[in-house]
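Sequence lines, in order, name chains A and B. Counting from 587, one number per residue, gives the positions in the first sequence under this note's numbering. Counting from 1203, one number per residue, gives the positions in the second sequence under this note's numbering.
The hints are simulated quantities; they were obtained by calculation from the structure and are not laboratory data. For clarity, every value in this text was computed on a predicted model and none was experimentally measured. Be aware that a few hints might be false.
As the list claims (entries may be wrong) - Computed list of lysine-lysine pairs in DSS-like fashion (alpha-carbon distance at most 30 Å, straight line):
(1) 628/A - 1216/B
(2) 665/A - 1243/B
(3) 1268/B - 628/A
(4) 1257/B - 1216/B
(5) 631/A - 1243/B
(6) 588/A - 631/A
(7) 631/A - 1268/B
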Amino acid sequence: RKEVEQDPGPFNVPEGATVAFNCTYSNSASQSFFWYRQDCRKEPKLLMSVYSSGNEDGRFTAQLNRASQYISLLIRDSKLSDSATYLCVVQTGANNLFFGTGTRLTVIP
Amino acid sequence: GAVVSQHPSWVICKSGTSVKIECRSLDFQATTMFWYRQFPKQSLMLMATSNEGSKATYEQGVEKDKFLINHASLTLSTLTVTSAHPEDSSFYICSAQGRGTGNTIYFGEGSWLTVV
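Chain A extracted, bound-state conformation:
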């Protein structure tokens, strides 16, 4: 079983739509959780860390469910500029970092 599983998509949504991505992880001892955004041919950039209490940054909301071992990312009012691949990243211990395969989002005019 993979450490981190993520639906690769693609998700094609119209502008203004709300879209949600989920990511599951297998190690219950995982400590830190992140969502990264990766544009084509570029490096991943931190979108937001994910905390147990959930966190929101503008149109983006991230949540962590430890009991079910998944994290989610919700994007409201999608913009064309949100088109990218969203990577779920789970860290277990200082040096153990696991990536999901990424979910490709395309926002359509």
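Using the hints provided, position chain B relative to the given structure of chain A.
Using the frame of chain A, we list chain B on its own:
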């Protein structure tokens, strides 16, 4: 925010030659650096993890004699692809974590390697 710089951004080399990629943390001390490879339309694949001053830990299936990693200082790690072959052509990215970054991992800009 913390900055990680990677160089070169693009490199083309002949088959059989070696290529060195540098990864620098510009405004923090990177106690841990990670090296990844990403083939087109695939996710990042961790190659190795290096802690400053110690030997890198390689992931299964990654040849340590082919991909030489040096993390001699708290701000610099290098990846050398030795005797490169066309199948080594890929996007190589480093990331760093350390003092002052909390749990956040920052990525370099990536290096496109094409072996001809």
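Given pair status - residue 1243/B, residue 665/A, alpha carbons within 30 Å: Since the Cα atoms of residue 665/A and residue 1243/B sit roughly 23 Å apart, the hinted pair holds (cutoff 30 Å).
Restraint status (C-alpha distance of residue 631/A to residue 1268/B at most 30 Å): Answer holds: residue 631/A to residue 1268/B is near 28 Å, not above 30 Å.
Pairwise hint evaluation, residue 628/A against residue 1268/B, where the allowed Cα distance is 30 Å at most: holds (25 Å)
Residue 628/A paired with residue 1216/B [C-alpha distance capped at 30 Å]: holds (24 Å)
30 Å Cα cutoff - pair residue 588/A, residue 631/A: holds (23 Å)
Pair hint outcome, residue 631/A versus residue 1243/B [Cα-Cα no greater than 30 Å]: Given that 30 Å is the threshold and the Cα spacing comes to 17 Å, the pair holds.
Hinted pair residue 1257/B and residue 1216/B, Cα distance within 30 Å: Holds, because 28 Å separates the two Cα atoms, which is no more than 30 Å.
The structure meets every hint from the earlier list without exception.
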